[in-house]
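Novice: Single-letter residue listing:
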Amino acid sequence: MSGPGTTWYLVLAAFLFGIGALGVLIRRNPLIVLLSLELMLNGGNLALIAFSRHFADGAGQIFGLAVMAVAASEVCVGLGLVVAINRKKLPLDVDRLSELRG
Amino acid sequence: MTAGSWLCLLSPLAATIVILLGGTRLTRRAAAWISTASVFVAFGGAVWAFFGVHAQHVIQNYSCIDFGLRCQAPGELTTAWTWLASGNFHVGLQLLVDPLSTVMMLIVSGVGGLIVLYSIGYMDGDPEERRYFAYIAFFVFSMLMLVEGGNLLMLLVGWGLVGLSSYLLIGFWHERTSAVRAAKKAFVMNAFGDATMALALFILIAHYHSLSFGVLGGSGLSTSTANWVALGLLGGAVAKSAQIPLQTWLPDAMEGPTPVSALIHAATMVTAGVYLIARTHAIFEQARTIELIAAGIGALTLLVAGLIALVQTDIKRVIAYSTMSQIGYMFLGAGVGAYSSGMFHLMTHAFFKALLFMTAGLAIHALSGEQDIRKMRGLGKVMPFTKWCFLAGALALVGIPPFSGFFSKDSIVAATAALGTWYGWVFWLCGIAGALLTGLYTFRLWFLVFPGEPSAFVAEHHHKHGRWGEGPWTMLVPVGVLAVLATVGGWLQWSPLWHPFTKWLQYAAPTLAAAEPSNTLEYVTSAATVLAGVAGIALAWAIYAEKRVAIPQLPAVQRLLENKFYFDAAYDRLFYAPASALSVALRREIEEPVILQGGPDLGQTTLDAGGVVRRIQTGLLRTYVFFLAAGAAALVLAFLIAK
Amino acid sequence: MSVVLAASAGNVVVWMVWLVAGFSCLASGIAVISFRNPFFSALALIGNLASLAVMYLLLSAEFVAAAQVLVYAGAVVVMFLFVIAYVGPRQEEAWKDGPRLQTLGAVLAAGALLVEVIVAVSLAAGNDLGHDSTVGPVFGSPSYIGRLFLVDHLLAFEITSVVLLIAAVGGVILGSHVKREVP
Chain A
1 MSGPGTTWYL VLAAFLFGIG ALGVLIRRNP LIVLLSLELM LNGGNLALIA FSRHFADGAG
61 QIFGLAVMAV AASEVCVGLG LVVAINRKKL PLDVDRLSEL RG
Chain B
1 MTAGSWLCLL SPLAATIVIL LGGTRLTRRA AAWISTASVF VAFGGAVWAF FGVHAQHVIQ
61 NYSCIDFGLR CQAPGELTTA WTWLASGNFH VGLQLLVDPL STVMMLIVSG VGGLIVLYSI
121 GYMDGDPEER RYFAYIAFFV FSMLMLVEGG NLLMLLVGWG LVGLSSYLLI GFWHERTSAV
181 RAAKKAFVMN AFGDATMALA LFILIAHYHS LSFGVLGGSG LSTSTANWVA LGLLGGAVAK
241 SAQIPLQTWL PDAMEGPTPV SALIHAATMV TAGVYLIART HAIFEQARTI ELIAAGIGAL
301 TLLVAGLIAL VQTDIKRVIA YSTMSQIGYM FLGAGVGAYS SGMFHLMTHA FFKALLFMTA
361 GLAIHALSGE QDIRKMRGLG KVMPFTKWCF LAGALALVGI PPFSGFFSKD SIVAATAALG
421 TWYGWVFWLC GIAGALLTGL YTFRLWFLVF PGEPSAFVAE HHHKHGRWGE GPWTMLVPVG
481 VLAVLATVGG WLQWSPLWHP FTKWLQYAAP TLAAAEPSNT LEYVTSAATV LAGVAGIALA
541 WAIYAEKRVA IPQLPAVQRL LENKFYFDAA YDRLFYAPAS ALSVALRREI EEPVILQGGP
601 DLGQTTLDAG GVVRRIQTGL LRTYVFFLAA GAAALVLAFL IAK
Chain C
1 MSVVLAASAG NVVVWMVWLV AGFSCLASGI AVISFRNPFF SALALIGNLA SLAVMYLLLS
61 AEFVAAAQVL VYAGAVVVMF LFVIAYVGPR QEEAWKDGPR LQTLGAVLAA GALLVEVIVA
121 VSLAAGNDLG HDSTVGPVFG SPSYIGRLFL VDHLLAFEIT SVVLLIAAVG GVILGSHVKR
181 EVP
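Protein chains in written order, with our numbering: chain A, 1 to 102; chain B, 1 to 643; chain C, 1 to 183.
Excised from the complex, chain A in its bound form:
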């Protein structure tokens, strides 16, 4: 393959994943958290596609498409939650939404 080797793609994917993880851990707005979650999923996807190209096995791309579908579903449900929370006039702040505390 011309251009950067598989390692470069993997490092990039790792960084993307790390940035997304940071976002999930630091931000308080659930919408931003969901966005960061998308970043993490995309990082993983990149790694999958890179390996698929490396081993010339289409299964990696199939997996990537499945991940995309799952990410879409998860965002759908997550946003539904956000909408429901908003309708109840609760603050959109993950630190304040702690009714499940023990």
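Only true hints are included.
For the chain A half of the interface with chain B, some residues (derived, Cβ under 8 Å), not all of them:
#1 L25
#2 V94
#3 D95
#4 S98
#5 E99
No wet-lab data here; the hints were simulated from the structure.
The beta-carbon is built from N, C-alpha and C at its ideal position, and this holds for glycine as well.
Using the hints provided, position chains B and C relative to the given structure of chain A.
Specialist: Same frame as chain A, now just chains B and C:
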């Protein structure tokens, strides 16, 4: 023959079960009569078994003696089923019907039947009469199992069950703390004996893999092992028969009802030790030292008990110590090897001792429960039948001919001298001294209670019972029967002249040659014991009736005797106090803080731990994610390191 | 197309494209997590997705790149924008009292994960990552993906459709008005 033995054994058990299941549906009278009838049926079974063995015995005698054929001990071993099978060790539910067991069966069921009949009158009106009759039928069953047991394990089962029955019956009036305490004391001391017996049986199992009576005659044991086995068996016998040093429970056992004292603690259970030695004589003969120790224990006990009986003021306690003393005689006889003499004394003793207890019971009943002999003077005037029956029993006890005690006691004493050794002569002297003591304490009792003018207490408290004035027929008939037996029962055997009893037992428990006294020795001994007995009676008459001789004032001796040679105090200090202190300490240190608090503490700790863990559930999303990330990082690190 | 790219200007062009796409990927990623206003974060995400699509093209995964733009940028981000608009303009409050211990720990954890992944990959893969396999022109094409879905990975295909169905139902339920019985 064997059917008779099964009938004998199971009849009282059936009565127990019926009474227990019937409960309050049976009237008290019905329960009493069921119990009595079952014991008489058992007696019938015993007679049947006896005639069966007799038939075999006659044939044996014929063939053994006249034709010199190989002798096989008469009797039959009957097995119901194999009870215990472990490796090559098998024990069956077996009954043995042989001359020795039939003698015991007849005594237990015969005298037992009379006593149970007596207790119908004695226990009349007691609120828990049914329980009493269930227990006493159970006791008869247990004792029969003990004597009919076809192997050592069945014997041990019976042994334990009679201990249980004794406990239940001593503590029958369980509202009385003294009765409960006495029951516990009896049971614990008996349990000690049970333990030593079990250890002896373990040794036998280890060597022979069998507990049949045949192994006792085996030659596979070294002398020291045989000594241990015999010692274990002796421990059980000493505990059960209330010999020194395990004798302290018997006087306390008088807390039970008088028929119980008569049956268990005079006629049958306490004689089980003697039966044991006779039955297991083969191993005792291999451990001759232990057997002689048994004789020594018997000699010591007969003296000590006789001395203590001199200062007792409770009528039942005097008779209890007398029992202890007479069993000492039986141990002496069995210990030197004169088993049939010991067993014969067992039989006559059952007659006259039960008689004495039962007449004492008549007196106690008439005086509404009073047992202090110092208050009872002159009872003979208002209760003549009791007086004469008691006299018959007393004379039999002292051993005056022609009463039964004379025939049995003297052969024992003569056998000790026949040994020829120094200790044989010591035992002989003990026996004669014992006869003097017996005369003294027995007639002290007689002269204090029966002759003379009624005391104020008697005049005030005595009231007539029943049609004949002294008690219901259920109480008077057995007393009368036993009075007759106490008088004529000894005529069965007088060793110098005729001895069918010894011949009867010759296959089951043959007398050792060393213990066969010559006829001269027999006559001399008889004369000596009779003289000693008469001397004792005369002394008692002089001191207590005529008041010509004052009681010697020896305060130290008096205290020694009144405190029963300080056995009770010593055992209290040695065993009871430390155990009691230990249990109190254990309760304070372990039971309360650890066991009782353990549960609540555990619960509290769990709650506290839960409270700590609960803090992790912050409800905040970011905390959870943080833990996720940190955990994942740690895991990956671990994997990297592992690789 | 990748073959054309490779053949024409050689490695240099590929490298340049990769660097630009990679840089914009990371920059937009940082932008996503940094903006106060969620609207801008969503827009930054679009940029991220676009650069990722370019990456996929470089990896001969044409269908996946197209799907990425259509599904993610076209549907998912639009959904986000809808909800952001519905929820209304709100700025997240600035952190009170500065970063807390938990936040610091979070940053460290994320960093550690990152480093570990890189280390793991480089250690574990080792030489294996050196040699790429050659792929034919059909690799990554829609027909290729389609055949794989229907022949080798049919189960995954069907399950994915079920997951999507469940998510759709869930979304409807979550978003619906619940009529309460007034007691």
